[in-house]
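A.B. asks: Listed here are the chains, written in short residue letters.
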Amino acid sequence: MTTRVIAPRRSGPSRIRTGEGVAGWVFTAPIIIILGVFLFIPVLMALWVSVSDWTGRGSPLSGNVSFVGLDNYAAVTTGGGLPERNFGISLRNIAWYTLLVVPLQTILSLFLAVLVSRAILRGRGVFRTAFYFPSVTSTVAIVVLWLFLFSTNGVINEVLSWFGINGPNWFSDPRGIVHIAAGAVGLGAGPEALVSSGFLGITWWEWLAGPSVALSAFILMAVFTTSGTFMLLFVAALQGVGVELGEAGMMDGATGWQRFWHITLPQLRPTLFTVLTLGLIGCWQMFEQIYTGTQGGPGKTTLTPAYLSYQSAFISQDWGQGSAIAFILFVIIIFFTIVQRWLLRERPVSKRRARRYQVRGQRS
Amino acid sequence: MTVTAVGDTAVVSEARPPRRVRSGPSKRLWGQILLYALLVALAIIYIYPFLVAVATSFKSDAEAAVDPISLIPNVFSWAAYETLFGRSAFPLWFMNSTIVTISVTLGRVFFVSLAGYALARLHFRGRGVIFALVIAVMAVPGVVLLIPRFLVLNQIGIYDSYAGMILPLLVDAAGVFIMKNFFESIPVSIEEQARIDGAGTFRVFWSVVLPMARPALITIIILSFQGSWNELSHFIVSTQSPELTTLTKGVASLASGQLSQGSQYPIKLAASVIMTIPVALMFFIFQKKIMSTTEGALKG
Numbered sequence: 001m002t003t004r005v006i007a008p009r010r011s012g013p014s015r016i017r018t019g020e021g022v023a024g025w026v027f028t029a030p031i032i033i034i035l036g037v038f039l040f041i042p043v044l045m046a047l048w049v050s051v052s053d054w055t056g057r058g059s060p061l062s063g064n065v066s067f068v069g070l071d072n073y074a075a076v077t078t079g080g081g082l083p084e085r086n087f088g089i090s091l092r093n094i095a096w097y098t099l100l101v102v103p104l105q106t107i108l109s110l111f112l113a114v115l116v117s118r119a120i121l122r123g124r125g126v127f128r129t130a131f132y133f134p135s136v137t138s139t140v141a142i143v144v145l146w147l148f149l150f151s152t153n154g155v156i157n158e159v160l161s162w163f164g165i166n167g168p169n170w171f172s173d174p175r176g177i178v179h180i181a182a183g184a185v186g187l188g189a190g191p192e193a194l195v196s197s198g199f200l201g202i203t204w205w206e207w208l209a210g211p212s213v214a215l216s217a218f219i220l221m222a223v224f225t226t227s228g229t230f231m232l233l234f235v236a237a238l239q240g241v242g243v244e245l246g247e248a249g250m251m252d253g254a255t256g257w258q259r260f261w262h263i264t265l266p267q268l269r270p271t272l273f274t275v276l277t278l279g280l281i282g283c284w285q286m287f288e289q290i291y292t293g294t295q296g297g298p299g300k301t302t303l304t305p306a307y308l309s310y311q312s313a314f315i316s317q318d319w320g321q322g323s324a325i326a327f328i329l330f331v332i333i334i335f336f337t338i339v340q341r342w343l344l345r346e347r348p349v350s351k352r353r354a355r356r357y358q359v360r361g362q363r364s
Numbered sequence: 365m366t367v368t369a370v371g372d373t374a375v376v377s378e379a380r381p382p383r384r385v386r387s388g389p390s391k392r393l394w395g396q397i398l399l400y401a402l403l404v405a406l407a408i409i410y411i412y413p414f415l416v417a418v419a420t421s422f423k424s425d426a427e428a429a430v431d432p433i434s435l436i437p438n439v440f441s442w443a444a445y446e447t448l449f450g451r452s453a454f455p456l457w458f459m460n461s462t463i464v465t466i467s468v469t470l471g472r473v474f475f476v477s478l479a480g481y482a483l484a485r486l487h488f489r490g491r492g493v494i495f496a497l498v499i500a501v502m503a504v505p506g507v508v509l510l511i512p513r514f515l516v517l518n519q520i521g522i523y524d525s526y527a528g529m530i531l532p533l534l535v536d537a538a539g540v541f542i543m544k545n546f547f548e549s550i551p552v553s554i555e556e557q558a559r560i561d562g563a564g565t566f567r568v569f570w571s572v573v574l575p576m577a578r579p580a581l582i583t584i585i586i587l588s589f590q591g592s593w594n595e596l597s598h599f600i601v602s603t604q605s606p607e608l609t610t611l612t613k614g615v616a617s618l619a620s621g622q623l624s625q626g627s628q629y630p631i632k633l634a635a636s637v638i639m640t641i642p643v644a645l646m647f648f649i650f651q652k653k654i655m656s657t658t659e660g661a662l663k664g
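If you're matching them up, the sequences are chains G and H in order. According to our numbering, the residues represented by the first sequence are 1 to 364, in order. According to our numbering, the residues represented by the second sequence are 365 to 664, in order.
Treat each hint with caution, since some may be false.
Stated by the list, open to error - Pairwise CB distance ranges, derived in the manner of DEER restraints:
(1) H:Asp-431 - G:Ala-181: 28 to 34 Å
(2) G:Leu-70 - H:Pro-575: 54 to 60 Å
(3) G:Phe-40 - H:Ala-401: 52 to 58 Å
(4) G:Trp-204 - H:Ile-397: 47 to 53 Å
Claimed, not checked - Interface residues of chain H toward chain G, partial, derived using beta-carbon atoms under 10 Å:
(5) Ala-482
(6) Val-501
(7) Val-643
(8) Phe-648
(9) Met-655
These aren't lab readings, by the way, just hints derived from the structure by calculation. Cβ coordinates follow ideal geometry from the N, Cα and C atoms, glycine included.
Can you build the whole structure from these sequences, using the hints too?
C.D. replies: The following block contains the structure:
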């Protein structure tokens, strides 16, 4: 078979390959043009806007727009004014959001995957479908649903009232949950040391506020919509986990939990890295939920960097600052992407072993 | 895969009893009962929100506020749907979403498979560079493109037009990657035969290779249909006139209360239910395919 294929190639490569160079470029021309015009050039234009004083009138490339250096970047990171404070608040919000969403969605999706894989009777397909369905629906539809479920007299508060809990006014409650907990033990105002100094225009005490009640509803939403997708990744990985190892563990009398922790989990490590970094990258991109649901409110506690970038440019017409925020966000997300690709790079030999080989090589 | 796994477990459970004759089977049975109880409880938590959304869309405003939790309306009412289709811009939004989704899906299938084929099979100078660019593009997060996309659409004069809504979405780097991987997985011998018979490159691609690529093409269709139907951020920055509003943008404006007074949950939920139907249908028809695509994303 192979020889038959190779034979004609060798006999007349020039004849068969004639025009392939041209065809290659013609075939890839549409994607090159579209990526160039709608991705590469736009990013360069925005890079220019982020170091210019363009106000949104006319073209940013016209003569009366001037170069202002890193002023826009300075305004949002060290300016001391409202832009810096807004940027600080958005970073605080997204940091708390990420800190809670990533572990919760990872643990829940792994838990669901293990449950679904353990089911030996019928119906595992039905359960997989049920858990995955929220992932295929649009963010807008889910946000509308969430606004309804978490409304003052909504389903969630109704269920909470069965347990004697008076549910909060979810999407209009700006109190941070760490502050609420601190207030419950009598630390309402916060210690002087944390209130008097701060970072990026907000005090350390505000940094420690935790996600607001409104942002917590979004945290639950993210866990609800992403756990199905990540569950599928874990299900696929669990199918590849060797049965023999688990059997050996059973013979040694290991309990189910010990077997999972010491035998299964280490084998899931690549999937775990994937889920953690995809989760991180996804969290930092949070935009559509805020646009549809709360527009940054209440009290800016659901303001995210992506939404702030949009708001600065399209609503406040402060295009330079909006673009600067977008590029800072870009750098942060690309950093996580590079970390992910580095963690998941193909490495046939582990680092320690590679070092051992190197040492041997040097000695000999 | 599933079948073999189930088979293995069955064999294992048959083989075990001799060792622990008493506790083994009953413990196992209780374990499975507990497992299924947990799975059912979780499945209810995941599915109930969608059921209650459908139920509420048939309730009156007052009933939705008083009794949000029941799945059967006291008084069954089509009022929300009548308002949406009779006295609002909803049909227009639906039409715009349909136009954009169909155009984007058709365009993507064609361009993405052309490029994937070239990158997998054709030998030409610059191929490595183009592929590296496609990989790099996959890492660019969508949200940082909001301002850049608006700038360029405005600059070249297609802001607030169908062209501006559709053209930037026509290429999906992940799709190119999927098609390239697929073309590399099928044997080259059939194409070579067609070439020797004198068919040109495009002819080989169109009538020999593409028909073989049906499974991968279905994957691309699913991904682009779902992606462009659910797309919101690009339409926020590419349009402003009401005539070009899509479902996502329109329903988002309903949700944030720009067009309505009071809560009006039945109308909002009816709109989201209708918006979800096409992707839900797609999901149930291609269920296995969609799930294995997601799983396969990891295996690459």
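A.B. asks: Which hints from the list above does the structure break, by number from lowest to highest?
C.D. replies: Nothing - there is no hint that the structure violates, so all of them hold.
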